[in-house]
Amino acid sequence: MKEYRDILCPVCGCLCDDIEVNVENNSIVKVQNACAMGASKFLNFSKERLKNPLMRKNGELVPCSLNEAIDHISRALVKAEFPVIYGFALSSCEAIKVGIELAEEIGAVIDNQTTVCHGPGVQGLQDIGQVSCTLGEVKHRADLIIYWGSNPQDAHPRHFERYSLLPEGRFRGGKKDRKLVVVDVRKTATARMADFYIRIEQGKDFELISALRALLRFEDIEQEQVAGIPKEKVEELAEMMRSCEYGVIFFGQGLTQTIGKDRNGDNLFALVRDLNKFTKFLVMPIRGHYNVTGSNEVLTWQTGFPFGVDLSKGYPWYNPGDTTVVDIFRRGENDLTLVVGSDPLAHLPRRATMHILEHPLFTIDPSMSLTAMASNVVIPSAFYGLEAEGTAYRMDGVALPLKKIVEPPEGILPDEEILRRILEKVKEIRGK
Amino acid sequence: MELIIKNGIVYDPLNGVKGEAMDIYVKDGKIVEKADGSKAQVIDATNMLVLPGGVDMHTHFAGPKVNLARMLRPEDHYKDPQRKRGVRRCGTGYSIPSVFTTGYWYAEMGFTLAFEAANPPLKMMHVQDELNDTPLIDKGAYPVFGNNWYVMESLSKGKIEECAAYIAWVLSAIKGYAIKVVDPGSVEEWKWGKGQIGDMDKQVENFGITPKEIVRGLAKVAKLLNLPHHLHIHTNMLGNPGNSEVTLETMKAVKDLVTNGELLIHMAHLQFHSYGGKEKDWNSFRSGSEEIMKYINKNPYVSFDMGQIAFTDTTTMTADGPFEYNLYEITKNKWMNADIEFETGSGIVPIEYKRDNFVHSIMWAVGLELALLSKDLWRVALSTDHPNGAPLTFYPRVISWLMSKKARERVLKLIPSSARSKTLLGSIDREFNFEEIAIITRASPAKLLGLKEKGHLGIGADADIAIYDINPKALDPERDYRKIRKAFRFAKYTIKDGKIVYKDNEIIEHFIAKTYWVNPHIREDLYNYINSELERNFDKYYTVKISNYKIPEGYLVKSKRIDIITKL
Chain A
1 MKEYRDILCP VCGCLCDDIE VNVENNSIVK VQNACAMGAS KFLNFSKERL KNPLMRKNGE
61 LVPCSLNEAI DHISRALVKA EFPVIYGFAL SSCEAIKVGI ELAEEIGAVI DNQTTVCHGP
121 GVQGLQDIGQ VSCTLGEVKH RADLIIYWGS NPQDAHPRHF ERYSLLPEGR FRGGKKDRKL
181 VVVDVRKTAT ARMADFYIRI EQGKDFELIS ALRALLRFED IEQEQVAGIP KEKVEELAEM
241 MRSCEYGVIF FGQGLTQTIG KDRNGDNLFA LVRDLNKFTK FLVMPIRGHY NVTGSNEVLT
301 WQTGFPFGVD LSKGYPWYNP GDTTVVDIFR RGENDLTLVV GSDPLAHLPR RATMHILEHP
361 LFTIDPSMSL TAMASNVVIP SAFYGLEAEG TAYRMDGVAL PLKKIVEPPE GILPDEEILR
421 RILEKVKEIR GK
Chain B
1 MELIIKNGIV YDPLNGVKGE AMDIYVKDGK IVEKADGSKA QVIDATNMLV LPGGVDMHTH
61 FAGPKVNLAR MLRPEDHYKD PQRKRGVRRC GTGYSIPSVF TTGYWYAEMG FTLAFEAANP
121 PLKMMHVQDE LNDTPLIDKG AYPVFGNNWY VMESLSKGKI EECAAYIAWV LSAIKGYAIK
181 VVDPGSVEEW KWGKGQIGDM DKQVENFGIT PKEIVRGLAK VAKLLNLPHH LHIHTNMLGN
241 PGNSEVTLET MKAVKDLVTN GELLIHMAHL QFHSYGGKEK DWNSFRSGSE EIMKYINKNP
301 YVSFDMGQIA FTDTTTMTAD GPFEYNLYEI TKNKWMNADI EFETGSGIVP IEYKRDNFVH
361 SIMWAVGLEL ALLSKDLWRV ALSTDHPNGA PLTFYPRVIS WLMSKKARER VLKLIPSSAR
421 SKTLLGSIDR EFNFEEIAII TRASPAKLLG LKEKGHLGIG ADADIAIYDI NPKALDPERD
481 YRKIRKAFRF AKYTIKDGKI VYKDNEIIEH FIAKTYWVNP HIREDLYNYI NSELERNFDK
541 YYTVKISNYK IPEGYLVKSK RIDIITKL
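Protein chains in written order, with my numbering: chain A, 1 to 432; chain B, 1 to 568.
It should be emphasised that the hints constitute simulated quantities derived from the structure, not laboratory data. Ideal Cβ positions, reconstructed from N, Cα and C, are used throughout, including at glycine. Mixed in with the good hints there might be a few duds.
Quick look at which bits of chain B chain A covers, simulated, 3 or more residues with Cβ under 8 Å [claimed, not checked]:
#1 67-74
#2 78-86
#3 127-141
Put together the whole structure using the sequences plus the hints.
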């Protein structure tokens, strides 16, 4: 039996790096320190997985060889006029680099899951700027912690324990020294732990943030209620924010994917910026997939833009609403879709998904998904952080090493290698 | 592969070559005495200027804050898309170019080595990721230590050896090259929302140590560790009127540590630290270059890089979080902040330097004054603190200002007369010749970095060579400063590791060159002590495990390790 320590958990954006794993006969038999989500992945990841490349023949997905699959995808990519490559939040940064090179080679649009999660937050960042920090800063200093439209108790179970409310930092002794505020439309598991819970009316985030900003300018609020919240309570929240020593807001998709979208991001970042006149205040998106941050980082350092990058012009172009996949799919502009570790048919709006199905669809994924089921070719891939190593970025931008602790099934390659073979094949075809 | 560069007009200040027509032989990436003419590729460089590859010792081109700045500014990229062409990968400029574009731009200008100037150790894997992706230049990175808890705590207890051992451990663990200090003490206080510390003798809250003690301590550490590059410092009060006093105080604070005429501190982007006037009184803002240079000329333990600004739209980024907050307050532009646990902070604010702005136009003059007033260019390096003062593509313009009084006067005429009277630039007649330019862009920075194989064209040097299509014998830089600009912006040939990588406006090779880092060897008992201290406390300090903080050497695409025998 092999015992591994300090293993990264390849599930959520917390990217906990203290997991202990025991491996026997190339299978994980014991996991320590992980949350339920993490432990479940470590123990069960290999139970339901694709073992063979599949290709659609006469309407049926039937097993094929890897070379056959790669050859088919590469030829289609070369032929396509406006292909889209989408995914990468569950890939290593090394794989993302190859994905970008492939997109550049064939003139594709490359986009990642940011486009349907924290994209509006990124746009807010681009409008206002983001006053932020690493998670350890929160652990050492924060005395006011606000979760806004995010529910880490369910979605990022160790966020409290490792980074925000509970850890003992240099200047804070844990929960007793911190106040927890939750802004949400319903009383979530996180909200139930709050010292101060604000039930905000659905879609009224912008209104509440605007009221808080007005109060920070010492203006009066004339209405009795703001966003369904009594004025007094809003005033109390503003005072709490103004008078804390070190505050931080963790926002989730409850803010970015509701009415207002990127304008909510703008307003929230402006609120936090304004608070720095009075005290130290920071804000951080609470990112979902374990390497969605990395996909933004790599795309940004190679092309200048974090998501929705159109390389069809021969140079990078970015215009959310234009070059982002949901909008491209909805308008039916693309004529090929290559999905890497994502399930857009399950997650994207129906009108967008309808157009995906009209054209060749290829999926690289360790497991079967709705998208894989509807694809023309499916290539199974290895699980990063379990069967393949690479780099991933935590939600606060700290890069950490994903490790390989078990061997993938025979013939199963990581995304990086699959994409590289496609890229080489594409170059070979185009060279002729 | 062999290469002969025939009959070029060579300036190689480290070897005393001053514009002589000569041949240079290259074999296997090195400069050699003689090559076999039959096999070698020959470049006819008749009437062309031949220099060692350019060395940029202070630039921000890779890593977390650079990438945040890229993310912050799509508008910066929209105006400067970079097309894919042949081996040339696509990308974007303008002030914060993407990684490939950065490498290509350096190559276009004949630069072959660049050091990333401020990096949080915790995010060093990100830095290495980007360095691994930056083509055609050798590079390295300076991690920041001036607000590090372990450093402040060990120094406040007077434990210099322990501090040195800690820094040796970190440099080797994360593959850094030198010790960088940014606004010592202030960044820690900024994490509580407090401003820059202007009093070098004020105690940093919670840590019982003063900025002056941090600087002195780290200067001693750099000496103990025998690092190839001395202490690299961005001192307190960057950007404030009257900050030349703090700058002088910082330099004086370490004077008594000089034992043998050695270099002790490098003052980074000195322009931003050389202002006269009264604190917070922008009307009193004036050039302070005279006092600063009087001191530096007399004290050979100080070196500096210029930090020149140019009038353009650019992006400021620094580990100096409190300064960036001030700049946001002044400009009301977009503002990013990214504090790093245990170690440092950082901030980003876009800025447009305007010719009709009183303060900006004085800043422009100050940078040039510093270089022009220097009596020892071997302690001076050209920089714009890319992209803080201007994007790296402005180096040729800075060169032309240094070489031509006429070029300077053209700008001086256009700046406000109220600003002109607060500067010395109009009264300085000095014009640099090609040798002096070769010193401040090649020989001097390579020497200051302690890299013996760089910055010259002697036998055994790395074959990093720039060939420019100007004839220094026939050209009058005073009058033809525009030709100078053009020639230095787009070299005729750039040769990296003996390969022609850029020629006639085309990038013809894309490969990843070396990453320099230091591996200081310390006494085993000291290493074991530090290692066990860190292993015991790491979970308290950080939110990552010590094993995941370390970066294995194999992570670097092309590692260039420099092993150092220290005094420990």
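Structure-based check of each hint:
no.	hint	result
1	67-74	holds (count 7)
2	78-86	holds (count 4)
3	127-141	holds (count 3)
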